Amino acid sequence: MRADLIDVSLEDYGHSVLISLRGTFTSEQIPALREKLGSITGERRRTYLMDLEHCQFRDASYLELFLDLLNQVQGREGRLAFIFSQEENWQFFRRWSNVFEIHASLEDFSRSGLIDALRRRGVTFSKRTGIRLSTGMALFLAIVLAGWILTLVSMVRFQESELRLRERQILQLEDRQRVLIRNLQDLRSAVGPLRDLGLLEAKNPGHPRDSLQIWIDYLEALEKKRKDSTGEMAQESSPAKDHP
Amino acid sequence: MNELEWEDPWAPAWKKRWMQKIVGVSQTWVLVALLCGTGLLIWLGVTWTLNSWHLQEQEDHLASLGEDVDWLRQREEWAQGFVRTRLAVLEVAKRKMTARQVGVLTETLWQQSRTYGFDPLLIVAVMQVESSSNPWARGKFRSGAESGALGLMQLKLGTAQLMGRALGISIQSEADLMKPEVNLLLGTYYLLRLIVRYGNVTKGLMAYNIGPYALEKKVRNGGRLPVGYSRKILVEYRNLVQKFGQLQ
Chain A
1406 MRADLIDVSL EDYGHSVLIS LRGTFTSEQI PALREKLGSI TGERRRTYLM DLEHCQFRDA
1466 SYLELFLDLL NQVQGREGRL AFIFSQEENW QFFRRWSNVF EIHASLEDFS RSGLIDALRR
1526 RGVTFSKRTG IRLSTGMALF LAIVLAGWIL TLVSMVRFQE SELRLRERQI LQLEDRQRVL
1586 IRNLQDLRSA VGPLRDLGLL EAKNPGHPRD SLQIWIDYLE ALEKKRKDST GEMAQESSPA
1646 KDHP
Chain B
48 MNELEWEDPW APAWKKRWMQ KIVGVSQTWV LVALLCGTGL LIWLGVTWTL NSWHLQEQED
108 HLASLGEDVD WLRQREEWAQ GFVRTRLAVL EVAKRKMTAR QVGVLTETLW QQSRTYGFDP
168 LLIVAVMQVE SSSNPWARGK FRSGAESGAL GLMQLKLGTA QLMGRALGIS IQSEADLMKP
228 EVNLLLGTYY LLRLIVRYGN VTKGLMAYNI GPYALEKKVR NGGRLPVGYS RKILVEYRNL
288 VQKFGQLQ
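Top line first, the protein sequences correspond to chains A and B. If you read the first sequence in the numbering used here, its first letter stands for residue 1406, the second for the next number, and so on. If you read the second sequence in the numbering used here, its first letter stands for residue 48, the second for the next number, and so on.
Simulated from the structure, these hints should not be mistaken for laboratory data. One or more of the hints may lead you astray.
[As the list claims (entries may be wrong)] Chain A is nowhere near these chain B residues, computed Cβ spacing over 10 angstroms in every case:
(1) S179
(2) S220
(3) K279
[As the list claims (entries may be wrong)] Pair by pair, the computed Cβ-Cβ distance ranges are:
(4) A/G1603 to B/M225: 36 to 44 angstroms
(5) B/R271 to A/L1599: 43 to 51 angstroms
(6) A/Y1418 to B/L97: 55 to 63 angstroms
(7) A/A1595 to B/L97: 44 to 52 angstroms
[To be verified] Here chain A is said to cover these stretches of chain B; the calculated rule only asks that three of the stretch's residues, wherever they fall, bring their Cβ under 8 angstroms from a Cβ of chain A:
(8) 88–100
(9) 147–159
(10) 181–190
(11) 256–270
Predicted model, so just to flag it, every value in this text is computed and none were measured. Glycine is no exception: its CB is placed at the ideal position from the N, C-alpha and C atoms.
The whole structure should be built from the sequences, with the hints applied where relevant.
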């Protein structure tokens, strides 16, 4: 191929432009191709699809050319995508595959959504290579994953500390309950025989609380009686406000 | 292909190093990471769920325990007040009252103290000073003539009828006043009314002793107030408190 002869065809679809390159490109065609592509991709907010399926690049300077082109297109708020599936071009763009948007076919491009968006941000996946991430994306994902796991772990840790706290509260309340039952038993003993209060002693009480039941029932009955009579008395007299 | 190890000639050195670094994760590692991640997620999920159940159980247990402790605390407070009153009544009653009378007086005094919020030992002290806790006591002047004061709290029939009307208790005769629980109920109510009226326990006790009109007359005329009576009661009251403890 002569230096000034390059096979470029153009199909304009309004919002998108399909640029097809054919042939083998050596260092001699770089200026011509730069000029040609520069003139084609001059419009703002357009999508440029560059079909590279039938071309080969023999000089690494083409990467520089395409990087410049990508910067220019993005500077005009446009989008640049390469279409190819051949292995040789994959090898050529391998190092920059996280920078360039590359699709195997036009159908693949039209299907590209979330995966493509991820890939443009530095995430690629293929069965052959596994997941390939740019350093920034890898760092970002590592931070997100670590944060997520830390959040879950801290939630569980918080639950566990809450469980321990409640366990302590339960123990304290159970202690308090035991003390109160013991006090009530002591008070019940101090009051003397229950028959002096007109009550019958419980025979063979099982639980400590069972022995208190009659004693507590008696106090509750007195309190109920008091409350029942207070309703009448409260209307007629006011309680003493001062007591020693 | 000639040279594919291309570098951006204008990028700074740190950017070149940064851009060229690609983190590759092979399928095996992806699988291992996925398995570890799933395992961790399942473990966290199961732990979180179990902890949530356990927390709920503990919350229910805590709530029921708290209710029970509150319930017991209130009963303990009642029991303390009741036992303290009973022991004080037993102390002053000695052999002058039957077990049944002691029981009824304790119940009445405890209920009254809960309704009006006073210390029942003060009434026990009044009972002791007024009648030596004798339900059949009849008051006498120094001359030996009957004063008309009857029973435990040494109430006069007229005063008792007046208080009885306020409380809805019918007092027909002296015999009604000889019932210890009725006498105590009316005497307590009368004394508390006087304490509220004068805003002072000592003055209330003096008025209970000589009557409110007599007290007011003495105050008006600058006469000598009967401080000995109230002092005697307060000494008796302090002795009882020392023996049976403060009101909780």
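The hints, checked one at a time:
1. Residue placement check: B/S179 keeps its beta carbon more than 10 angstroms from all beta carbons of chain A (closest about 21 angstroms).
2. The non-interface label for B/S220 is consistent with chain A: the shortest C-beta to C-beta separation is roughly 23 angstroms, beyond 10 angstroms.
3. No beta-carbon of chain A is positioned within 10 angstroms of the beta-carbon of B/K279; the least distance is around 14 angstroms.
4. Between A/G1603 and B/M225 the beta carbon distance is about 22 angstroms. The supplied range of 36 to 44 angstroms is therefore violated.
5. One distance hint, 43 to 51 angstroms for the beta-carbon pair B/R271 and A/L1599, holds here, with the actual separation near 50 angstroms.
6. Under the hint 55 to 63 angstroms, the C-beta atoms of A/Y1418 and B/L97, about 58 angstroms apart, fit the expected range.
7. The beta-carbon spacing between A/A1595 and B/L97, approximately 47 angstroms, falls within the hinted interval of 44 to 52 angstroms.
8. Taking a C-beta to C-beta cut-off of 8 angstroms, the stretch 88–100 of chain B contributes 6 residues in contact with chain A, enough for the three needed, and the coverage statement holds.
9. Only residues whose beta carbon comes within less than 8 angstroms of a beta carbon in chain A count, and the stretch 147–159 of chain B has 6; three or more means the coverage holds.
10. Counting residues of the stretch 181–190 of chain B whose CB falls under 8 angstroms from any CB of chain A gives 0; the rule of at least 3 is not met.
11. Using a Cβ-Cβ cut-off of 8 angstroms, 0 residues of the stretch 256–270 of chain B lie near chain A, which falls short of the minimum of three, so the contact claim is violated.
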